[in-house]
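Engineer: If you want the building blocks of each chain, they are given just below.
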Amino acid sequence: MNEIVKVSGLRVAARTDEGVDLPIVHGVDFSLKQGEVLALIGESGSGKTTIALSLMGYARSGCRIVGGSVRIGDVDVLQLSDAELANLRGCRVAYIAQSAAAAFNPSKRIMDQVIESAMIHGTASRQQAQAKAVELFRALALPDPENIGARYPHQVSGGQLQRLMAAMALITDPALVILDEPTTALDVTTQIEVLRAFKQVVRERGTTAVYVSHDLAVVAQMADRIVVLRDGQIQENSPTEQLLAAPAHPYTRRLLAAMKPAAASRASARVEPVEQEKPLLEVRDLEVCYGKQVKVLHGIDLQVRRGTTVGVIGESGSGKTTLARAVAGMVAPSAGRILLDGQPLSGTLAGRTREQFRRVQYVFQNADTALNPKHSIEDILARPLRFYHGMKGKRQRERVAELLDLVQLPASIAQRRPGELSGGQKQRINLARALAAEPDLILCDEVTSALDTVVGAAILKLMADLRRELNVSYLFISHDINTVRAICDEVVVMYSGAKVEQGERSTFRAPPYHPYTNLLIDSVPEMHQGWLEETQAGRGVPPRIGVSANAEGICPFLARCPVRIDGKCNTTPPPRVRLDKGNEILCHHRDIELLQLEESVPVAAAG
Amino acid sequence: MNSTIARLVIGRLGIGVITLVIVSMVVFFLTSLLPGDAVQEQLGQAATPEAVAALRAHFGLDQPLWQRYLHWASGLITGNPGISMVNGLQVGDMISNRLPKSLSLAAVTSLVSVPVALTIGILSAMFRGSAFDRYTNMLTVFAVSVPEFLIATIAVLIFAVKLGWLSALSRTVDVHSFGEMLSVYAMPVMTLCCVLIAQMARMTRAAVIDQLSSPYVEMALLKGARPMRVVLRHALPNAVGPIVNAVALSLSYLLGGVVIVESIFNYPGVATLMVNGVVTRDMPLVQACVMLFCLGFLVLVLIADICAIVSNPRLRK
Amino acid sequence: MKSNINQSGSQNMATSGGSGQVAENEWLDNSVPVTAPTKHRRLPNPGGFLGFILVFFWLVMAVIGPMIAPHDVNGLVSDSFFGPISSQYPLGTDYLGRDILSRLLHGAPYTIGIALLATSLACMSGVVLGLVAAASGGWIDALISRVQDAMIAIPNKIFALIMVASFGSSVPLLIVMAAIAYMPGCYRIARALAVNVMTMDYVLAARTRGEGLAYIIFIEVLPNMLRPVLTDFGLRFVYVVLLLSAMSFLGLGVQPPDADWGSLVRENIQGLGIGAPAVLAPAVAIATLTMGVNLLIDSLGGRAKR
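Those protein sequences? They're chains A, B and C, same order as listed. By my numbering, the letter at position 557 of the first sequence is numbered 538, and the numbering carries on one by one without gaps. Start counting at 1 in the second sequence, then tack on 210, and there's your number in my numbering. Start counting at 1 in the third sequence, then tack on 585, and there's your number in my numbering.
Looking at chain A on its own, in the form it has when it is part of the complex (with noise of 0.2 Å):
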């Protein structure tokens, strides 16, 4: 029985502006045995970052440890003095930060940053640091390992940042190592790549961890046993395997329900569309240059008709929000056409009028920033009321309350200031700003992504009500594949600026695909243990090719697309295609090339 880790009745407390201690964590227990690997589930304010960071005697500004123990082999480190602690860190326990952006020192060379750890501790020379480094970096998948270490953190990119970051933790060989939310801040096909090289160093070397995550598939794939925490206490502590199978824990249930939002707003999609309606929004060959020669949106078609959800899904830079802020007017187009109900759209707001501004409103992603501080609920709600219609005194007072009911917020709410509100209330009332204009079409930016996966997906089912009792249209950006089939009709798949793939939802069940959407679709992590052993996703590498054409056109996916054709994508600008299931692609493969895409990339032929 050889537990590593013991962490009894482990209490920390938050300093208020008054000067009263909030506890934060509440007596925590679990321990660890050699090689397990742990994880902290939870939504944000759960505790559990301060969690693991108590683990390294550390507790953020303004918090405290209170009380309790953690025993890491036989010391107490909440016993050990500033010295103690300070031989701890680095050396028997390691830390992998969220953000290895910001985490990473601006100024200093990778290479002396990874073996920092080492150094400052005595555990090895420079010279064998550094080798050490080189075979972490190996290990790590990362690419040109021998000379990565030379460069600086803005040279490299955030997934290789955050495998980095891991290398820095591995290089003294810790009892402990503590990843918190390593993989939050990456696209999901990045992600996949990451979790995959930690896996593998974690299992190589027989690594004892503690994984803080809020996503339970990730952890499905990481952990061997899984705490799920809320407001600072542990609800449920269970192998991985039984928690998936058999949650005891009420709370764990809603997570897990939550977590899969295809299931829980199927009946609130409706998909009865009417084909010969002119279309409510249309965008023609849309194109938006920023500067003079950088593209970043090229030839966008996309229509909404009345009362639908079309879906946008992209990774980040994929232009996504660039479309969305455009048919709002707020980026002007450099070629193509907006249509409203057939009427052109003015590219710049000078050019609309108000009642154009009326109909298309727009939803921004962070709540936070997009309520100004300084006014109360009721100024942001009345402003569009009196801006559009003309409303004021009792009749306003009355539609404010009428529209916070709408949103299911307490009328008590109106004289608060957007400080005092949670971030899903924050939202609702983004929601109903934008309702308060009775407009034809919303713009949602990626509305739920700041949010916890449970107000998330209430906003979701909010949304989905509303559209069905005012008939409103939204074009629902987000990078989150599962929201967009769970709630759109249609769905439009961008890559670097391009329109990829586009058809209704049910065509995105099931294969053929765009390879980037194939990718996309397979790099989202399911809720069982052992998908990232068997998902093909980023396993496949790209056939070789000469160099490409640096003609206008070329498909954007190439450098990273497993099945591309020498002499063919290199040179050629792909056509538009419509497969079988009506789905229209932006690729030189054909329905049978594509269906086989899973079966022609097998792991033997990567290699």
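It cannot be assumed that every hint is accurate.
Below, computed lysine to any residue pairings styled on SDA-like, alpha-carbon distance capped at 25 Å [as the list claims (entries may be wrong)]:
1. Lys311/B - Gly836/C
2. Lys375/A - Ile804/C
3. Lys375/A - Tyr800/C
4. Lys89/A - Leu446/B
5. Lys89/A - Ile513/B
6. Lys311/B - Met400/B
7. Lys355/A - Met783/C
8. Lys180/A - Leu123/A
9. Lys273/A - Leu218/B
Calculated directly from the structure, the hints in this document are not laboratory data.
Go by the hints and put chains B and C onto chain A.
Structural biologist: Just chains B and C now, with coordinates in the frame of chain A:
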């Protein structure tokens, strides 16, 4: 040196030159707005209009404003800023006699204040919240709040009047021994340093503390680095840009501060020359002195900008 | 529990950081003020309290000072020059035998009033120009910013000297001069703040609603800039007081027979040799005023970066 850095540095230089041209226009036109000039003052009320006109022609004051500006500006570039209206001497000569003295005062002050201020600033950032930090904070608030002439008068009161160690006026500037140097520079330098050190230390502290709140500093702590290492190896390299900026801004304050300090101690530098020029309304002299001070400011800012560009890790190859 | 878990100390200065359970993150702490571990609201920061008292006192004196002066401001009331502190002349007498306390109280409206007017003028024009530049962008922004940069390149005291050399010294000139001298600094801060706020989503939301520029600037942007602008106002007031006092000290500021505190120091500088209160009292008055403002700003914690 890569091309991005070179391009940015050249851009800065260009902006500096444009700024200098705008400054010269502002200075010239501001000082030429009013008709009342030194000619009238020099000849007195009884002067015949002919005599005034003749003297005006002698100084070139009868030409249109923009022509005078061009003439003046080209004079500045070729090192010939004109002739004093009061004593007929070459302004260039008057300034070049005084300039080394002002420069040596500034140099001694910088040499003393910069290291002291950086040490204080970095130490108080490292031991934030400690007794040391709180006391230096109190002292620096005091020093930036108090007018220089108060510090100067208190210094005179203590060292010249009560203790009799130093002479209140620095008449001799020919320095032959360490003792003489001390007696000449001690009080002006001390006065200037007080404010300068306080300002610089506060800004340095703020720059370092700004870095200490970043995630990479937390990461360094969690790697087991001691506070000393965290500040010196991690925070400081990233604070170089802001710190150099703070030093440049503080030193540019020196340009204004010398006006007071040179006057109080009757130090024969450019600033006293300029104050005399203002009192006698000797415009060519005032204009030339102003341009000299502005040039000094722009050079300092330029150096700071270039340091910030070169020290920015994101521009490194 | 060992000391690293206990409360770090009993210091209750709001300016000091650190409530960490570990000493080394004490100096990392930059947000949460520390008090002794009580359940009560923390005491007001003593520095800030002192600052408030000083500022309040001098503001009152600027209004009622001349009315409560015990002696005639220009009357040669005493036979002794540079007289010492006495019950009749609480701050002694000056080089002509005038009562220093009375002269100090009459000087207060000059020193504080001129500086307040000049600072208000500087801040208002700086904020307006900053908002215009930030809202319009493009060449208007570039033009305003370039000219302001050129103005900043002329050190304030030097600028004051040219203005006095060109136009002579009078109270209106001093106000305009100080306002112009400190406007570029206000402009820089206001523009930076406005540019920041302009990129916030709530401003974008107002723009996509179709709101006009005036609504965006005054209703959406300005309220979110107010606090740092006010802090900057206080800071700049200190600089203006110091600049004007320095000019008066050089004899180029407020002209006789009027006198602000800087002029009082100049008039009585010969008294320094005998340590007369006549020279120290006005200097100390300036120092307490400026220090009061500085302490007050520090305690509010919003000192803008310069």
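Engineer: Below or equal to 25 Å on CA atoms is what counts here, so check Lys273/A against Leu218/B.
Structural biologist: This hinted pair holds, its Cα atoms lying about 20 Å apart.
Engineer: For a C-alpha distance cap of 25 Å, please report whether Lys180/A and Leu123/A respect it.
Structural biologist: Holds, at roughly 14 Å.
Engineer: Is the straight-line distance between the alpha-carbon of Lys311/B and that of Gly836/C 25 Å or less?
Structural biologist: 24 Å, holds
Engineer: Within 25 Å, alpha carbon to alpha carbon, are Lys375/A and Tyr800/C?
Structural biologist: 23 Å, holds
Engineer: Could you grab the alpha-carbon distance between Lys89/A and Ile513/B and see if it respects the 25 Å cut-off?
Structural biologist: 23 Å, holds
Engineer: Does Lys89/A pair with Leu446/B here, judged by a C-alpha cut-off of 25 Å?
Structural biologist: 11 Å, holds
Engineer: Lys375/A and Ile804/C were given as a pair; does the straight-line alpha-carbon distance stay at or below 25 Å?
Structural biologist: 22 Å, holds
Engineer: Please verify whether Lys355/A and Met783/C have alpha carbons no more than 25 Å apart.
Structural biologist: 14 Å, holds
Engineer: Holds or violated: Lys311/B with Met400/B, Cα cutoff 25 Å?
Structural biologist: 16 Å, holds
Of the numbered hints listed earlier, not one is contradicted by the structure.
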